[in-house]
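Each protein sequence line maps, in turn, to chains A and B. Residue 179 in the working numbering sits at position 179 of the first sequence; the count goes up by one each step and never skips. Residue 225 in the working numbering sits at position 225 of the second sequence; the count goes up by one each step and never skips.
You may find that some hints are simply not true.
In this list, chains with the same sequence are indistinguishable; a pair is considered to hold if it fits within one copy or across any two.
Said to hold, decoys possible - In silico BS3-like cross-links for lysine-lysine, where the CA-CA straight-line distance does not exceed 27 Å:
1. K238 / K204
2. K257 / K281
3. K55 / K204
4. K55 / K277
5. K257 / K20
6. K203 / K257
7. K244 / K210
8. K277 / K267
9. K55 / K281
10. K259 / K204
11. K203 / K277
Keep in mind the hints are simulated off the structure, nothing from the lab.
2 protein chains.
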Amino acid sequence: MNWYTEQWSQNCRFSIAYDKEIYSEKTAFQQIDFYQGEEFGTFFTLDGLMMVNEKDEFIYHDMIVHPAFATNPGIKKVLIIGGGDGGTAREVLRYSSVEEVVMAEIDERVFRLCQQYLPVTASGVEEDSRMELRFEDGLEYVRNAADQSFDLILVDSTDPISVGEGLFTTEFYNECYRVLNKDGILINQHESPYFAEYAENMKKAHRKIKTIFPITHVYQYHMPTYPSGHWLFGFASKSFDPLKDMDANTWNDFGIKTKYYNTDLHKGAFGLPNYVKEALK
Amino acid sequence: MNWYTEQWSQNCRFSIAYDKEIYSEKTAFQQIDFYQGEEFGTFFTLDGLMMVNEKDEFIYHDMIVHPAFATNPGIKKVLIIGGGDGGTAREVLRYSSVEEVVMAEIDERVFRLCQQYLPVTASGVEEDSRMELRFEDGLEYVRNAADQSFDLILVDSTDPISVGEGLFTTEFYNECYRVLNKDGILINQHESPYFAEYAENMKKAHRKIKTIFPITHVYQYHMPTYPSGHWLFGFASKSFDPLKDMDANTWNDFGIKTKYYNTDLHKGAFGLPNYVKEALK
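Bound-form chain A, shown alone (with noise of 0.2 Å):
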């Protein structure tokens, strides 16, 4: 039996036993390996950081992409930087009400990987019509963009190091701000409390996106193999109120099945321990 293991701190380590390491291959960007083991099926890191795997993916990505749909079922233009797997796109998708997703990974390889390894995310993504494949920065992206022209922003990054460091700018936000239509609403990879590196990360994050979003907040949920297992995403919004807005009932007539979310755990997940209500302040 062969470990992946990764540090989650100096004094912490996860591991994750594999039959066998099925690719690996050093991109301009970065480091991708691909494993395939029992339980947790394939997976990939970047850096020699978990990304994805096929056990607790669907978390991630429901977490990622339901709750803005239940504050703003009206969304119908999208943009994801980063996500190359495709597990954000292929949930995006899943609203038919949606006409056009933009989406802006700056490793083509990652995404070209994850469809030749990784189908339960990147399949039939490329495919959908309203899909647009951009490979390049998503910090450029969004320079060039026109005013107003999203509804929502999807942040699915790597930690703020290498190409992620970018993603974690407060002009990369103030950018975002300024392409989201009147009602925009950004989400984004927002980091974790438990251990400090991770922590200081999520406190810098928050401290910049306050200064430019009118509503900002921050929601939980239960990651276990992203470090401490305690994940959190942003939710900043120009009007909509991820708590006040939400409507249940709308939601459920997409009748879209989850096997994480549901408008019960929306509302749950915004209710912060107070250590990191704390943190944030």
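For this one, chain A is given, so just place chain B on it according to the hints.
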């Protein structure tokens, strides 16, 4: 650097660095080991499974105690089954309205060693005049207890193996029902939904409790050092509903400062993911 490693499933491992093992003892009931390290402080394991560490014990102890008090602020008589580290008793004793706390812990050595090595949870418990410490089997204790003698039972047990096994039986839950007052609440350590073996125990416990109590819920919290970080308590009750009857104002009037629990999070904790609801059906 030394590593304490716990097998979360056949294919998943969690490891914590420690500087030294500070104490080790095989009692009549179990293997007890105390470690000390930088990030997690002092921690101890029973039969090689993480029980309590200084970094996140506050999460578990907040969540086993406070939801019941926010649902019924009139709780006066409390029975703790297990809980040898003292952390559950510590939180209960913060309510000046509580008149009597019985703690039935099978292994006195756990409590004595925590008094010595883990004062953060055990200190002050024995000295409180409202406290009755009984070092005996929890199942045996409830068998012999009088009808309707407690307002609240907190089952702070290990997993359903070795000494914890009896605390997951129908007989035990029946006895709990009998010794609870007409408004009584039972909170029990309810395992976890993510890894198969734990999920099996979760399902079994819920099936049994549902046949006995008229009101049964399961609630969740983020406990990073327990397998998957997604951990559950059961909330079973004769009359109080933890969502309808939770009184935020009254609980906040207690003025109890908590690092994890708050009344918004209380409501959210009962919003389970679909895959967990499905498993509990």
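### Query
Which hint numbers does the structure go against, in order from smallest to largest?
The structure conflicts with hint 5 only, although it agrees with all the remaining ones.
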